[in-house]
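The lines below spell out each chain.
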Amino acid sequence: MTTDPTGTAPTGTAPTSTVFEYAPAPESRSILDLKASYGLFVDGEFVDGHGSSFKTINPATEEVLAEVAEADDADVDAAVRAARRAHTRVWSRMSGSERAKYLYRIARIIQERGRELAVLESLDNGKPIKESRDVDVPIVAAHFFYYAGWADKLEHSGYGTTPLGVAGQIIPWNFPLMMLAWKIAPALACGNTVVLKPAETTPLTALLFAEICQQADLPPGVVNIVTGAGGTGQALVSHPDVDKVAFTGSTDVGKAIARAVAGSTKRVTLELGGKAANIVFDDAPLDQAVEGIVDGIFFNQGHVCCAGSRLLVQESIAEELLAKLKTRMGTLRVGDPLDKNTDVGAINSAEQLQRIRELSQVGEDEGAGRWSPPCDLPERGFWFPPTLFTGVTQAHRIAREEIFGPVLSVLTFRTPSEAVEKANNTPYGLSAGVWTEKGSLILHMAGALRAGVVWANTFNKFDPTSPFGGYKESGQGREGGRHGLAAYLKGGDL
Amino acid sequence: MPTLTTEFADVTGSEASMRRFLHGLPGVDQVGAEARAASLGTRSIKTTAKAHAIDLAISMVDLTTLEGQDTPGKVRALASKAVHPDPADPTCPQVAAVCVYPDMVAIAKETLGSSGINVAAVATAFPSGRAALDIKLADTRDAVEAGADEIDMVIDRGAFLSGRYLQVFEEIVAVREACTREDGTAAHLKVIFETGELQTLDNVRRVSWLAMLAGAHFIKTSTGKVQPAATLPVTLVMLQAVRDFRDSTAQMVGVKPAGGIRTSKDAIKYLVMVNEVAGPDWLDPDWFRFGASTLLNELLMQRTKLTTGRYSGPDYFTLD
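Just so you know, the protein sequences line up as chains A and B, in that order. So that you can map any letter, position 167 of the first sequence is 970 in the numbering used here, and since no number is skipped, the others follow by simple counting. So that you can map any letter, position 92 of the second sequence is 104 in the numbering used here, and since no number is skipped, the others follow by simple counting.
Be aware that one or more of the hints could be misleading.
In silico contact screen, one side only, chain B against chain A (beta carbon under 8 Å); selected entries [what the hints assert, rightly or not]:
#1 Ala21
#2 Val23
#3 Thr24
#4 His35
#5 Gly39
#6 Gly44
#7 Arg48
#8 Ala49
#9 Arg55
#10 Thr59
#11 His64
#12 Lys237
#13 Leu283
#14 Asn287
#15 Glu288
#16 Pro292
What the hints contain is simulated information worked out from the structure, not anything from laboratory work. On a predicted model such as this, the values are computed, not experimentally measured, just so you know. Built from N, CA and C at the ideal position, the CB exists for glycine as well.
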């Protein structure tokens, strides 16, 4: 017990003043029916691919979870042809209210099988079960519910009611199910059919979603899932019968896709990287700002395109805020993603871990102050401790490049205009955060920041009714809300 | 508290400086505070951790009866329960204190004997606090003379809400002086805010600092007579306040949520919050209490479930 400066302690019966250790609270894997191998989902059936197969692993243990087929050009072609057939013969002819019934049914099955989806997402991705359970899966269901509601009201969208046709969709590994929902729900609501390629390291929940499509009696060919790596994605993007390409992922790949579809009639939306500024003014609600900073960069191990990876803090409170932030970081629980008390899980892949390590080393070499709370990392698997760098300037690489990991760069500013200049001084423009108790300053900053989303006194909040997307190298097009319909309707390019 | 009043003399010297100080504290964003409290509430405390938490929670209970219908018989029953919460199991910890009205202090004291359990008395025209200062001080002295180890006072919420912060401060200082016994020792002072009447979390942070500057040993959410009583977000803000206060003054102040905490699950949520917000130093009956009555039997039922593997009905636990 600590010293009692006020004199004698009031009771003499103090029990064990031992540390309150939380016992392991692992979520059970028994709900899963994990198969040894998975094929592709084409035309409503699981089929073997023509190509080779690859293994997907649990990044927390490096245990092999399953073998997954790698779709080759012929497989992709079969999937696109199935999607075209389904579009022409069934889905585009169906009334909006009938399409809505399928989407509502899918949304309800997602809720019913929520725990199964959450466990599988955490296993394959490495994210903590409390995030997959409390954030990812509820948002996924909400997206299907939301766009189900639009399906019979498209005449009010402002973009007409005519679908584009077949959409080729490529999604990343950081939010496998959520990105699937953001892509598939609006596409289907508008009457398009899809061929979706999940990321190479996280294919499993998309395949479980394929089972859900079967369970919902979705007509064959409306949703097709082709697993694989870059080659599969390339085949999908360059397939001549794809009308629309939707991609979420790195800026480099996004640029390659833009080049590949240039000169064709394909429509394209890109949701790419970010280097968001989380701006804390001296009159901010400090305890909540600390939470927002932690949510901003350590949520999902920092594998978030809109992560608040640059903390811009007003100089007059920098010291106090950093002290509070470090104390808070000391309470983050890093470890087994399936433990219900884990706050920070595993890095998704060896490759990503390597990149985070490299850029952190660069930060150190360039003279920034590196700090992590003491934390025991498991021996197997891919792990990186929550880390912050102080004394970072605009000239540091860690202030410019997207690290996509639990690494925060701390910069300071003196005035609102300096905060705006620094925040906007990046090739990216996906999101930003503003922390102040002054409403007029929030409105001023929201207007001045070149970012698709500006959060005020909060961070990393997502809702299907709210459009999301970037400026500059963070991409083009919007997902979510009414704006998200534009990407999947003929009238959306007007 | 001489050291503090000197250190913060410029703050507590005038109404204007007191207001500047309290209004200069960082604001509390209610949405964010509620989200943080809810997120801590999702911690999963199982097996050994749960057993530890339940015993700790029992040892932190201020077993309370504050009714117009209280009688010596009722208070004796409550005090006996405090000593042996579970007569069937001698390993069950005692509670921290028994909390009664001042006229019941002597009865409680006599029944508790040498058990080591404290007697806490509510004073200062509890629960409304609407009386003249000398009556409040007499009420306090009366309870201390009767043998109270701890005084739970209420602040003048009317004065606080109309911005007369210095008056509230001076009243707490005066009550703290009235807690002094003839031999120079003093009863510990808990200051009740009635946060259900103060309403905003900004007010909760301000009143917490005000009471700590005035020398409170404990800050307490509620009387139990006003809804809402203790809530997780309010307790979160108070735990942040005692943490920040220790950071700047090196003095520790205790926290007592009271009223409305009825289940073991709720109690464990509070302990998780203490652990992760104020820190493990506060996980001790000297620094954290639950003001409760029905909570104790809920904790005992869960404790028996953990040791025997079976749930028993309420008839297997004593009424207080």
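Tested hints:
{"no.": "1", "hint": "Ala21", "verdict": "violated (19 Å)"}
{"no.": "2", "hint": "Val23", "verdict": "violated (18 Å)"}
{"no.": "3", "hint": "Thr24", "verdict": "violated (18 Å)"}
{"no.": "4", "hint": "His35", "verdict": "violated (11 Å)"}
{"no.": "5", "hint": "Gly39", "verdict": "holds (4 Å)"}
{"no.": "6", "hint": "Gly44", "verdict": "holds (3 Å)"}
{"no.": "7", "hint": "Arg48", "verdict": "holds (5 Å)"}
{"no.": "8", "hint": "Ala49", "verdict": "violated (11 Å)"}
{"no.": "9", "hint": "Arg55", "verdict": "holds (6 Å)"}
{"no.": "10", "hint": "Thr59", "verdict": "holds (5 Å)"}
{"no.": "11", "hint": "His64", "verdict": "holds (7 Å)"}
{"no.": "12", "hint": "Lys237", "verdict": "violated (24 Å)"}
{"no.": "13", "hint": "Leu283", "verdict": "holds (7 Å)"}
{"no.": "14", "hint": "Asn287", "verdict": "holds (5 Å)"}
{"no.": "15", "hint": "Glu288", "verdict": "holds (5 Å)"}
{"no.": "16", "hint": "Pro292", "verdict": "holds (5 Å)"}
Violated hints, listed in ascending order, are 1, 2, 3, 4, 8, 12; each of the other numbered hints is respected by the structure.
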